[in-house]
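K.L.:
So the sequence lines, in the order shown, correspond to chains W and P. Counting from 1, position 29 in the first sequence corresponds to residue 29 in the numbering used here; the numbering is continuous, with no gaps. Counting from 1, position 13 in the second sequence corresponds to residue 13 in the numbering used here; the numbering is continuous, with no gaps.
Hints in this document: simulated from the structure, not taken from any laboratory. Accuracy of the hints is not assured; some may be wrong.
[Unchecked claim] On the chain P side, residues computed to face chain W include the following (Cβ under 10 Å):
#1 Val18
#2 Tyr48
#3 Leu51
#4 Leu54
#5 Glu55
#6 Gly58
#7 Phe60
#8 Phe63
#9 Tyr72
#10 Phe98
#11 Ala100
All C-beta atoms in this analysis are idealised placements derived from N, C-alpha and C, irrespective of residue type, glycine included.
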Amino acid sequence: DSGVTQTPKHLITATGQRVTLRCSPRSGDLSVYWYQQSLDQGLQFLIQYYNGEERAKGNILERFSAQQFPDLHSELNLSSLELGDSALYFCASSDGTSGTTVTGELFFGEGSRLTVL
Amino acid sequence: GQNIDQPTEMTATEGAIVQINCTYQTSGFNGLFWYQQHAGEAPTFLSYNVLDGLEEKGRFSSFLSRSKGYSYLLLKELQMKDSASYLCAHPNDYKLSFGAGTTVTVRA
Numbered sequence: 001d002s003g004v005t006q007t008p009k010h011l012i013t014a015t016g017q018r019v020t021l022r023c024s025p026r027s028g029d030l031s032v033y034w035y036q037q038s039l040d041q042g043l044q045f046l047i048q049y050y051n052g053e054e055r056a057k058g059n060i061l062e063r064f065s066a067q068q069f070p071d072l073h074s075e076l077n078l079s080s081l082e083l084g085d086s087a088l089y090f091c092a093s094s095d096g097t098s099g100t101t102v103t104g105e106l107f108f109g110e111g112s113r114l115t116v117l
Numbered sequence: 001g002q003n004i005d006q007p008t009e010m011t012a013t014e015g016a017i018v019q020i021n022c023t024y025q026t027s028g029f030n031g032l033f034w035y036q037q038h039a040g041e042a043p044t045f046l047s048y049n050v051l052d053g054l055e056e057k058g059r060f061s062s063f064l065s066r067s068k069g070y071s072y073l074l075l076k077e078l079q080m081k082d083s084a085s086y087l088c089a090h091p092n093d094y095k096l097s098f099g100a101g102t103t104v105t106v107r108a
């Protein structure tokens, strides 16, 4: 158990719909990262937050948005869903205390598997 | 940039040794990570190299050469449970950038 909690574990929805994925980081971790992993693909970085502030953005679609709340949990919102959005969405956390770079382990949640039909 | 290249697949026999190579290009070096990921599961941390040389952790070792932009993960005494994807990752700009992963299949 990494200490990172993601909900829901599985989600099936239709094209055009909107979903929200939730992540609770490890106790004490200030940084949250979101990654997308499509079938047989690598981990694609979406976005990163540190203590409520957006720090880095990857190739995240405009239909996707995220935020980190004062209690440090984070939500990833996916809207106008398309078939190609079907993927595993991972959240990871770290203590994020090393300036601009990651120098410690990222702890990954078990992921939210999204299926768009 | 931070292009990361690693082989797509490798197959080895139980009890054998396998070496997974990773080459990277980066404008600034901040270490290299290796993660293991079983199918459908979360990636789990294996190693983090900042300095050149070999670091050993039980059956797994990781090597880094910063001047060559090269790392490898060495898996010894392979077990069936080692069948997984092995991801090389480089940190930059507040995030970890992952390679596509090397799928290792261990056969009896």
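K.L.:
May I ask you to test the interface hint for P/Val18 with respect to chain W, counting a Cβ-Cβ separation under 10 Å as satisfied?
P.N.:
20 Å, violated
K.L.:
Against chain W, run the beta carbon of P/Tyr72 and see if the smallest gap drops under 10 Å.
P.N.:
18 Å, violated
K.L.:
Tell me if the interface restraint on P/Phe60 is satisfied: Cβ within less than 10 Å of some Cβ in chain W.
P.N.:
15 Å, violated
K.L.:
Minimum Cβ distance from P/Leu54 to chain W below 10 Å?
P.N.:
20 Å, violated
K.L.:
For the restraint on P/Gly58, tell me whether the closest CB of chain W is nearer than 10 Å.
P.N.:
Not OK, violated: P/Gly58 not within 10 Å of chain W, min 17 Å.
K.L.:
Hey, does the P/Tyr48 contact hint survive, CB to chain W under 10 Å?
P.N.:
7 Å, holds
K.L.:
For the hint on P/Leu51, just tell me whether its beta-carbon gets within less than 10 Å of chain W.
P.N.:
With Cβ-Cβ at 13 Å, over 10 Å, it is violated.
K.L.:
Checking hints one by one. Is P/Phe98 an interface residue toward chain W, by the C-beta closer than 10 Å rule?
P.N.:
P/Phe98 check passes; min Cβ-Cβ to chain W is 4 Å, inside 10 Å.
K.L.:
Any CB of chain W closer than 10 Å to the CB of P/Glu55?
P.N.:
14 Å, violated
K.L.:
Minimum Cβ distance from P/Ala100 to chain W below 10 Å?
P.N.:
OK, holds: P/Ala100 within 10 Å of chain W, min 4 Å.
K.L.:
Does P/Phe63 pass the interface check with chain W, least Cβ-Cβ distance below 10 Å?
P.N.:
This interface hint is violated because 19 Å lies over the 10 Å limit.
Against the hints set out earlier in the document, violations occur for numbers 1, 3, 4, 5, 6, 7, 8 and 9.
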